[in-house]
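Asks: Now for the letters of each chain:
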Amino acid sequence: MKDTFTLGGREFSSRFILGSGKYSMDLIRAAVESGGAEIVTLAVRRANTRPGESILDHIPAGVTLLPNTSGARNGEEAVRIARLARELGCGDLIKVEVIHDSKYLLPDNYETVRATEQLAREGFTVLPYMHPDLNAARDLVSAGAAAVMPLGAPIGSNRGLAAREFLQILIDEIDLPVIVDAGIGRPSQACEAMELGAAAVMVNTAVATAGDVPAMAAAFRLAVEGGRRAYLAGPGRVLDKGAAASDPLTGFLGGGGEEHVHG
Amino acid sequence: MDETLFFTDAPTLGGPALEHKHRLERDPSARSDCMAYLPDMERIDSPVRDQVLAQAASYDCARYTAADVAAALARERCTVEDLKALLSPAAEPFLEQMARRARRETQRHFGNTVYLFTPLYLANYCENYCVYCGFHRYNGIRRKKLTAAEMEREMEVIASSGMEEILLLTGESRSMSSVEYIGQACALARRYFRNVGLEIYPANTEEYRYLHECGADYVTVFQETYDPAGYEKLHLQGRKRVFPYRFDAQERALRGGMRGVAFSALLGLGDFRTDALATALHVQMLQRKYPHGEMSLSCPRLRPTRHNAPAAQGVSERELLQVLCAYRIFLPYAGITVSSRERAAFRDGAAGLVATKLSAGVSTGVGDHEEKYHAGSCDGACGAGDEQFEISDGRSLREIYDALTAKGLQPVLNDALYV
Numbered sequence: 003m004k005d006t007f008t009l010g011g012r013e014f015s016s017r018f019i020l021g022s023g024k025y026s027m028d029l030i031r032a033a034v035e036s037g038g039a040e041i042v043t044l045a046v047r048r049a050n051t052r053p054g055e056s057i058l059d060h061i062p063a064g065v066t067l068l069p070n071t072s073g074a075r076n077g078e079e080a081v082r083i084a085r086l087a088r089e090l091g092c093g094d095l096i097k098v099e100v101i102h103d104s105k106y107l108l109p110d111n112y113e114t115v116r117a118t119e120q121l122a123r124e125g126f127t128v129l130p131y132m133h134p135d136l137n138a139a140r141d142l143v144s145a146g147a148a149a150v151m152p153l154g155a156p157i158g159s160n161r162g163l164a165a166r167e168f169l170q171i172l173i174d175e176i177d178l179p180v181i182v183d184a185g186i187g188r189p190s191q192a193c194e195a196m197e198l199g200a201a202a203v204m205v206n207t208a209v210a211t212a213g214d215v216p217a218m219a220a221a222f223r224l225a226v227e228g229g230r231r232a233y234l235a236g237p238g239r240v241l242d243k244g245a246a247a248s249d250p251l252t253g254f255l256g257g258g259g260e261e262h263v264h265g
Numbered sequence: 099m100d101e102t103l104f105f106t107d108a109p110t111l112g113g114p115a116l117e118h119k120h121r122l123e124r125d126p127s128a129r130s131d132c133m134a135y136l137p138d139m140e141r142i143d144s145p146v147r148d149q150v151l152a153q154a155a156s157y158d159c160a161r162y163t164a165a166d167v168a169a170a171l172a173r174e175r176c177t178v179e180d181l182k183a184l185l186s187p188a189a190e191p192f193l194e195q196m197a198r199r200a201r202r203e204t205q206r207h208f209g210n211t212v213y214l215f216t217p218l219y220l221a222n223y224c225e226n227y228c229v230y231c232g233f234h235r236y237n238g239i240r241r242k243k244l245t246a247a248e249m250e251r252e253m254e255v256i257a258s259s260g261m262e263e264i265l266l267l268t269g270e271s272r273s274m275s276s277v278e279y280i281g282q283a284c285a286l287a288r289r290y291f292r293n294v295g296l297e298i299y300p301a302n303t304e305e306y307r308y309l310h311e312c313g314a315d316y317v318t319v320f321q322e323t324y325d326p327a328g329y330e331k332l333h334l335q336g337r338k339r340v341f342p343y344r345f346d347a348q349e350r351a352l353r354g355g356m357r358g359v360a361f362s363a364l365l366g367l368g369d370f371r372t373d374a375l376a377t378a379l380h381v382q383m384l385q386r387k388y389p390h391g392e393m394s395l396s397c398p399r400l401r402p403t404r405h406n407a408p409a410a411q412g413v414s415e416r417e418l419l420q421v422l423c424a425y426r427i428f429l430p431y432a433g434i435t436v437s438s439r440e441r442a443a444f445r446d447g448a449a450g451l452v453a454t455k456l457s458a459g460v461s462t463g464v465g466d467h468e469e470k471y472h473a474g475s476c477d478g479a480c481g482a483g484d485e486q487f488e489i490s491d492g493r494s495l496r497e498i499y500d501a502l503t504a505k506g507l508q509p510v511l512n513d514a515l516y517v
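Sequences listed follow chains A and B, in order.
Quick note: the first sequence, position 243, residue 245 per this note's numbering, numbers continuous.
Quick note: the second sequence, position 204, residue 302 per this note's numbering, numbers continuous.
It is worth saying that the hints were derived from the structure and are not from the lab.
Among the hints, a few may not be true.
[To be verified] Residues from chain B shown here face chain A by an in silico Cβ test under 10 Å; the list is partial:
{"hint": "1", "residue": "193"}
{"hint": "2", "residue": "205"}
{"hint": "3", "residue": "385"}
[What the hints assert, rightly or not] A few chain B residues facing chain A, derived, Cβ under 7 Å:
{"hint": "4", "residue": "382"}
{"hint": "5", "residue": "383"}
{"hint": "6", "residue": "389"}
{"hint": "7", "residue": "390"}
{"hint": "8", "residue": "511"}
{"hint": "9", "residue": "514"}
[As the list claims (entries may be wrong)] Calculated lysine to aspartate or glutamate pairs in the DMTMM-like style (CA-CA distance at most 25 Å, straight line):
{"hint": "10", "chain 1": "A", "residue 1": "24", "chain 2": "B", "residue 2": "179"}
{"hint": "11", "chain 1": "A", "residue 1": "105", "chain 2": "A", "residue 2": "79"}
{"hint": "12", "chain 1": "A", "residue 1": "105", "chain 2": "B", "residue 2": "203"}
{"hint": "13", "chain 1": "A", "residue 1": "105", "chain 2": "B", "residue 2": "297"}
{"hint": "14", "chain 1": "B", "residue 1": "243", "chain 2": "B", "residue 2": "484"}
{"hint": "15", "chain 1": "B", "residue 1": "243", "chain 2": "B", "residue 2": "297"}
{"hint": "16", "chain 1": "B", "residue 1": "505", "chain 2": "A", "residue 2": "59"}
A virtual CB, placed ideally from N, CA and C, is assigned to each residue, including glycine.
Sequences are here, hints too, so could you generate the full structure?
Replies: Now the structure itself:
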């Protein structure tokens with residue numbers, strides 16, 4: 003059976019989205035190929051440069067580009083950068099990133115909602131990067147987002163799902179695809195996000211700074227696939243303490259007839 | 099620092115100017131109050147200066163031990179006390195461990211990218227008397243100010259090398275390099291470059307706003323030394339003498355709409371450990387106050403100029419690297435620029451380890467890029483202005499680009515959007 007997810011009417015079977023920052027450019031292609039990524043994000047600010055220096059030149063054909071608005075400090079700037087991305091020929095997909103903090107690079111949910119509203123009105127397929135807050139996620143749904151991209155942990159931190167509880171709430175409550183973005187440092191963490199029910203994960207630093215970039219991209223691919231299969235399989239329950247008695251503790255109550263007692 | 103080592107008289111200097119210079123050097127009462135603003139200088143109400151200076155004044159680097167350094171390196175988030183330990187002499191034997199930690203932080207925040215830019219000196223007229231500087235008003239150097247046509251020619255030459263980010267510099271003369279003149283240069287530069295930075299005299303918020311609207315997005319102001327007493331003895335005349343106005347320049351620039359600001363002490367002018375501490379705290383406190391602002395640091399050491407060679411001693415490469423590692427560990431998010439004052443092997447080693455930005459194809463003279471980029475087309479008699487300081491790494495953009503690539507680093511020519 004085909005297991006795909008949809009963004010703005012486009013269907014994707016790979017649930018591993020690769021970021022293109024922090025790399026040696028000649029490694030991007032290898033990472034995309036070994037990771038089997040169908041979507042690659044790119045910063046408009048790194049694409050808006052001379053030929054040969056643009057990341058665009060290093061992304062294999064056939065891959066869907068997901069330009070982002072990094073560098074935007076408020077909603078208005080994000081809108082301007084998104085329009086520039088469209089002018090550069092990057093299409094209508096846009097990952098909205100509004101960051102008003104140069105230290106942790108945490109997304110500004112309020113401004114993100116404003117930008118999403120405007121861009122959805124202009125016909126963009128908007129994928130907003132956000133802090134995993136349920137109210138903001140609902141606002142993004144109302145604003146016309148095509149998915150939500152909550153962070154797992156501070157970007158670049160490789161801390162995995164520090165926001166696990168809140169991600170689970172978003173996955174449970176939001177009907178759009180939930181793509182876990184930022185903070186995933188190891189394949190096991192990507193796998194965990196997929197087990198929770200994320201539609202996809204986005205990874206950048208963990209691959210870009212790996213000792214062997216293509217090998218790490220391949221490891222993420224396997225982990226994402228493994229996590230997804232586990233989610234679909236419906237994992238058995240995990241108990242916090244002790245084990246579940248295979249024999250019912252209340253068996254002595256009997257099922258009606260007193261003689262029907264387990265040994 | 100014995101500032102008198104810098105006192106030299108240009109042979110061309112005489113009469114009342116020479117007398118005045120000598121009076122400024124010898125008689126502190128002949129100098130203005132360096133803590134008093136001039137009437138046209140905007141005052142902003144900011145507690146940052148007092149906080150930074152208080153920390154610097156109470157810093158006793160001899161108090162820290164190897165145990166403090168080891169604890170600082172073991173802690174995940176570097177505190178101010180940790181920073182003080184990392185800058186202390188006790189940290190010297192830990193340089194390799196500091197470098198390992200610094201590299202990890204640099205990788206985490208910047209991956210393996212290194213940004214490249216080139217400076218363009220627009221003018222070297224200066225009204226200040228900063229005793230250590232090659233451009234100061236009493237130095238008998240060739241002065242020059244680029245005309246609009248000359249600026250454009252220089253920009254064309256630089257842009258044709260592939261450079262996409264430019265840093266425009268002037269000496270500190272409001273009469274010869276007015277805000278409007280600099281604004282004109284910014285507007286011109288925007289046509290040739292993706293990213294325009296400024297390293298000019300400190301200005302008021304509204305002037306920064308105007309320059310931002312002309313196309314500039316970054317402002318660099320070096321405090322030189324954070325010790326007001328030392329500052330007073332080194333900056334004897336001119337607007338730069340006003341310590342607090344200079345200190346608050348980055349805040350005014352951010353309020354004026356600039357995306358980012360850069361900071362530095364000129365290491366070796368004062369106690370370099372204390373100045374490094376103050377610089378890092380200045381960055382940290384402004385980041386907290388203006389969380390959207392992009393922060394970066396430079397780390398110039400005093401270099402010989404035509405006149406000050408005997409005095410330009412002080413901070414070794416090893417000590418410089420210690421400062422840089424401490425900066426990186428304390429401020430993992432900040433950009434760090436290593437200029438061409440340092441030799442090529444040092445810059446190559448620092449890139450990716452601590453540094454995230456290098457200058458390339460540098461000329462610190464005025465109007466000599468064409469000469470430099472097209473060797474032989476001009477023999478020095480074509481009217482270029484003299485340099486501010488001597489550089490140690492004269493490599494072109496291509497040479498530095500290739501050296502970084504060979505190290506497995508990714509040179510980046512542009513990572514900014516003017517919005």
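Asks: All hints are to be evaluated individually against the structure, with a verdict given for each.
Replies: Hints, verified against the model:
no., hint, result
1, 193, "violated, 23 Å"
2, 205, "holds, 5 Å"
3, 385, "holds, 6 Å"
4, 382, "violated, 9 Å"
5, 383, "violated, 12 Å"
6, 389, "holds, 4 Å"
7, 390, "holds, 5 Å"
8, 511, "holds, 5 Å"
9, 514, "holds, 6 Å"
10, A:24 - B:179, "violated, 31 Å"
11, A:105 - A:79, "holds, 19 Å"
12, A:105 - B:203, "holds, 13 Å"
13, A:105 - B:297, "holds, 24 Å"
14, B:243 - B:484, "holds, 11 Å"
15, B:243 - B:297, "holds, 15 Å"
16, B:505 - A:59, "holds, 22 Å"
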